[in-house]
Structures are given as C-alpha cells and as structure tokens.
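Colleague: Here are the chains, one letter per residue:
2 protein chains.
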Amino acid sequence: MENLTLEELCVHQVCIWKKSSFRESLECMARNGVFKTAVWNPLLDETELKSAKQNLIDSGVKAISMCPLVLLDEDAYPDPNGRLSAHQKFLENAAELGVESVVVITGGLPSGSRDLKEQRLRVQEELSLLIPLAKATGVRLALEPLHPMVCGHRSVISTLSEANEILDSLDANETLGIAVDSYALWWDSSLEEQIERSGQRLFNFHVSDWLHETRDVRLDRGMPGDGIIDNRLIRSWMEKAGFQGSVEVEILSEFNWWKQEPEVVLQSIVKSLPNL
Amino acid sequence: MENLTLEELCVHQVCIWKKSSFRESLECMARNGVFKTAVWNPLLDETELKSAKQNLIDSGVKAISMCPLVLLDEDAYPDPNGRLSAHQKFLENAAELGVESVVVITGGLPSGSRDLKEQRLRVQEELSLLIPLAKATGVRLALEPLHPMVCGHRSVISTLSEANEILDSLDANETLGIAVDSYALWWDSSLEEQIERSGQRLFNFHVSDWLHETRDVRLDRGMPGDGIIDNRLIRSWMEKAGFQGSVEVEILSEFNWWKQEPEVVLQSIVKSLPNL
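Going line by line, the protein sequences match chains A and B. Using this note's numbering, read the first sequence as starting at 422 and increasing by one per residue. Using this note's numbering, read the second sequence as starting at 422 and increasing by one per residue.
Keep in mind the hints are simulated off the structure, nothing from the lab. Be a bit skeptical, because a hint or two may be false.
Same chains, same label: a pair holds when it works inside one copy or across any pair of copies.
Once the Cα atoms are required to be at most 35 Å apart in a straight line, the calculated DSBU-like pairs of lysine-lysine come out as [stated by the list, open to error]:
| hint | residue 1 | residue 2 |
| --- | --- | --- |
| 1 | K661 | K538 |
| 2 | K538 | K692 |
| 3 | K692 | K556 |
| 4 | K440 | K538 |
| 5 | K471 | K661 |
| 6 | K471 | K483 |
| 7 | K538 | K471 |
| 8 | K474 | K538 |
| 9 | K440 | K661 |
| 10 | K556 | K680 |
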C-alpha cells in the first residue's frame with residue numbers, strides 16, 4: 422500500500438483547539454502544508470461565521486467536515502422543535518463554510534434512563550427528521566459510531582454494524598453515510614467485513630491511536646504510531662471498500678497534545694504520515 | 422420477573438480484597454448471609470491453598486468460580502511450557518477448592534504487536550491446549566469477553582459474538598463455556614441475541630454497574646443500581662436462555678468501594694438485590 426501524501430491528509434481543528442483560535446488553527450495548518458481540516462464546532466462558536474468563512478479563504482484550508490452534530494442532546498434541547506432548529510442552524514453553518522459532510526453522533530442515554538433499545542429507536546426517528554434538512558442545505562450527514570466506553574453519555578451506537586443497520590432501515594444513501602473512527606472501532610473483529618458492507622456509505626475516516634495506558638474514556642487519544650491501532654490496515658480496508666476521501670487525524674488529548682504548542686502538534690502529525 | 426434472593430447471590434472476593442485477607446473476606450460474607458463466592462486469585466496467592474480450603478469449610482461459603490486465568494500472559498510466561506504449567510496449577514488449585522468454573526480471559530496484545538487477528542488465532546490455539554487440562558482436573562472453563570476499552574492489554578475478545586464464534590470452532594461445550602459480564606457487554610445491541618445463541622454455554626454471570634462519569638478504563642465499576650446498566654433485563658435474557666447459576670457481583674473500584682470497610686460493601690451489595 423502506498424504511503425499517504427500530505428495532500429490526502431486532513432487535520433481536525435480539535436487537535437489544537439485549546440491553544441489556537443479558529444483563524445490561528447488554519448494558519449498553523451497552512452504553515453505546515455496541511456490544506457484540509459475538519460471544523461470543531463466549539464471553536465467555531467467562539468468566532469463569527471462570516472470571519473470563519475474568510476479565515477478559510479485566506480488560509481487556503483478547505484473544511485471537509487464539521488463535528489459534532491449531537492442528534493439527541495436532550496439536556497441542551499429538551500424540546501424537539503428547539504433541537505431541530507439547532508440542527509438546522511448547524512447544517513446551514515456547515516453549508517456556508519463549504520463543508521462536505523457533518524459528522525453526527527447520537528448522544529448518550531437521557532438522564533435517568535437505562536433503556537438503550539428505546540434510545541436507539543429514537544435515534545432512528547431523529548435521523549429521519551434530519552435527512553430532509555440535510556438535503557435542503559446540500560450537506561451530507563456522516564453517522565459516527567463511538568467507542569462502547571462512551572455509550573452512556575456520548576453515543577448509543579457503538580459499532581459499525583449497528584450504524585449499518587440503521588442506515589439500511591433509512592435508505593437515504595446519498596445524504597446519510599458513515600464516519601469511521603479507527604479509535605472507536607479498531608477492536609471489533611467484524612470491522613473489515615462491516616467496512617466492506619458500508620461501501621459507498623463511507624463518507625469520513627478519522628484516525629488517532631490507542632495508548633496502552635489510557636487514562637480517560639474520552640480525552641486520552643494518541644498520535645498515530647504511539648499506540649496499538651493498525652491504522653494502515655484499516656485504511657487499506659477503507660480503500661478496498663471504495664473510500665477515496667481524506668484521512669482526518671483527530672486527537673482529543675487532554676493530558677498531552679492539547680497542552681503542546683499547535684506548531685509542535687502539526688509537525689508531529691505530518692511526521693506520522695507513514696503510520697497512516 | 423422475580424427478585425433475586427440472597428441464596429442466589431454470589432459476591433466476588435475482588436469486591437473487598439484490598440481490606441481483607443482470604444479468610445476475612447469469607448467471614449464477612451457469611452456474617453451478611455452470603456454463602457457463595459468467586460475466588461480472586463491474587464488474594465489466594467497471599468495464603469496457603471490448604472488454609473484457603475479450610476477457610477471455605479469453616480465459613481460455609483462455597484467457591485463457585487475462580488478468576489482470572491490469563492490465557493496468554495506472555496510477559497509473565499514467555500515460554501509456552503511455562504504458561505501451560507501455570508494454567509495446570511491454576512486448574513488444580515481451583516479443583517482443590519471445589520470451584521465449578523475457572524474464568525478465562527485472553528490477555529491483550531503482546532508488546533509491540535498491533536495484530537489482533539493473529540492474537541485471536543493464538544487464543545484459539547491456546548484454548549485448545551487448555552481444554553484437555555481442564556477435563557483432566559474436572560473444572561469447567563468460562564471464557565469471558567471483556568469490554569473493548571481493555572482490548573489492548575486485557576482481552577482481545579470483546580464481544581459475546583466473538584466468544585461464541587471461538588466456541589463454535591472448538592466444539593467442547595461441556596468443558597468450555599462463557600462468562601457473561603454485564604459491565605463488559607451491556608452496550609452491545611446484539612447482546613440478547615448472542616446470549617440466546619450461547620444457551621447451554623452460559624456458565625457464569627458477573628454484574629456491576631457503569632457509572633456515568635467513569636474515571637478509569639478498568640477499576641471504576643459501580644454498585645448495581647448506581648449506574649446505567651439494566652442488570653435485571655440482562656438477567657432476564659440469561660434466564661430465558663436457560664442459565665440457572667448464581668449472579669456474581671464483581672466490583673473493581675479503586676476510587677470508592679475498595680476504600681470502604683468490607684462490612685459496608687457487603688451490606689450495600691445485599692441492599693442492591695432488587696437491582697439484580
């Protein structure tokens with residue numbers, strides 16, 4: 422398999438969001454030869470949409486995805502109409518920034534609930550409401566299963582098989598696809614088979630690494646090469662299944678990378694290309 | 422569904438192992454009306470086998486299982502013969518204590534490896550070597566899938582589906598079965614179906630709870646009722662599939678329960694019966 426080139430690399434803003442503004446993060450990427458990014462919505466929230474758009478133009482960095490759209494964040498939006506309005510706004514912002522796909526996570530169980538089956542049905546219903554909104558704005562949706570360790574509070578969809586099942590039932594393949602995150606799914610013995618099953622649904626590919634001594638269930642991801650995920654193998658499965666998109670490095674790292682200077686993080690990501 | 426009775430309850434020694442000896446843990450259980458336990462091997466290691474056996478007799482507590490037999494702990498036993506001798510010793514100790522089944526975990530990836538597929542094949546081979554040893558000692562083996570978050574360093578088998586597949590290939594249903602741990606498997610949307618598929622292979626059932634704010638990937642389990650796992654629902658699936666064994670409460674809790682007095686822990690477990 423050929424090495425990934427710098428042109429195929431996308432660096433997620435989240436990798437450096439603690440020490441850069443929206444604009445600074447793009448400038449840092451451009452300085453390091455990276456011209457694709459995934460927009461981290463909390464960082465976008467700190468600026469004006471119009472400035473953000475201008476920052477993208479000025480830096481020459483293209484926003485290929487935007488995350489996360491939380492499908493059922495009932496603490497933030499207890500009212501279904503309020504929730505749909507927020508989704509609509511998220512999609513409009515993404516469209517305005519020229520984003521190709523919005524990464525959707527389901528959210529966890531509502532407070533007091535233990536009913537995963539019920540919540541998964543609600544995810545399906547909410548997705549069916551979201552699809553027409555996405556079609557109208559021209560932005561694709563990429564459902565992202567997260568690691569089972571965040572099932573309770575971030576995502577009730579934990580495997581690619583579960584995501585594929587939901588997508589089978591919704592039958593909206595041009596609008597609704599999948600984001601594969603190697604950190605979330607690497608452990609699954611059916612991953613190769615499920616990636617093949619996803620096929621044309623594969624919209625996004627996120628990578629990072631699993632550190633041997635993981636200190637947090639969400640914010641201790643490693644630089645590709647520093648852990649035990651065979652990201653190249655997973656990329657080969659993605660490509661065999663027809664995926665032609667970028668590889669998006671997405672490192673949430675409270676203890677290490679978020680503390681480092683953005684320049685250092687970008688240089689390390691570029692150096693990690695042979696591991697991707 | 423009927424409430425679990427005290428007679429059906431088993432308390433794993435690991436719940437109180439930091440503040441009691443092998444003997445004291447059994448006495449504490451007996452004082453609280455609990456007469457079934459799972460032996461925690463590290464605690465057994467701190468005493469003599471002969472004394473341990475006498476402690477069980479004196480307390481009236483029966484050891485129904487013993488954990489963990491780590492199938493491929495290559496740091497501890499780089500030499501295959503050394504490993505098999507250690508397994509043999511583990512099984513003999515279990516037999517001597519009257520244990521019905523030994524809980525087997527696979528161990529994680531060997532140092533430097535990223536090859537899950539290869540390691541899973543090695544698990545299968547090692548199990549095939551272990552089965553005749555277990556038959557000879559008359560102790561059953563219960564393969565326990567662990568949570569995907571410990572795939573790297575504790576278990577390369579992360580789902581019940583993966584465990585069922587391995588057992589299908591080994592065809593030794595009287596000797597080799599499965600331990601279902603609710604903490605490890607609760608998030609899986611195919612769990613009910615896979616428990617049904619396991620059927621007569623269901624040898625052991627471990628329960629604890631998933632805390633909303635989990636602080637450690639291994640040692641932050643909660644008391645049943647304190648988290649978001651519907652343990653009663655999972656028990657109903659187990660019973661529908663034919664399981665008639667005990668419910669083994671197994672709480673690894675570095676931040677909370679391991680710091681509390683064993684008496685308090687036992688009382689809390691007994692109080693949690695309606696959640697089981």
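Colleague: The structure should be examined with respect to each hint, and the outcome stated for every one.
Modeller: Structure-based check of each hint:
For the identical chains of this complex, K661 and K538 are neighbours both inside a copy (33 Å) and across copies (18 Å), given an alpha-carbon limit of 35 Å. Taking identical chains as interchangeable, the C-alpha atoms of K538 and K692 lie at most 35 Å apart only when they sit on different chains, with a minimum of 27 Å there against 43 Å within one chain. For the identical chains of this complex, K692 and K556 are neighbours neither inside a copy (38 Å) nor across copies (53 Å), given an alpha-carbon limit of 35 Å. For the identical chains of this complex, K440 and K538 are neighbours neither inside a copy (40 Å) nor across copies (39 Å), given an alpha-carbon limit of 35 Å.
With identical chains, the CA atoms of K471 and K661 are never at most 35 Å apart, being 39 Å at best within one copy and 59 Å at best between copies. In this assembly of identical chains, the alpha carbons of K471 and K483 lie at most 35 Å apart only when taken from the same copy (15 Å versus 70 Å across copies). Proximity of K538 to K471 under the C-alpha cut-off of 35 Å is found in neither arrangement, the shortest distances being 41 Å within a copy and 48 Å between copies. In the homo-oligomer, the alpha carbons of K474 and K538 never lie at most 35 Å apart, since the shortest distance is 40 Å inside one protomer and 45 Å across protomers.
In the homo-oligomer, the alpha carbons of K440 and K661 never lie at most 35 Å apart, since the shortest distance is 37 Å inside one protomer and 54 Å across protomers. Taking the shortest alpha-carbon separations for K556 and K680, neither the intra-copy value of 39 Å nor the inter-copy value of 54 Å comes in at or below 35 Å.
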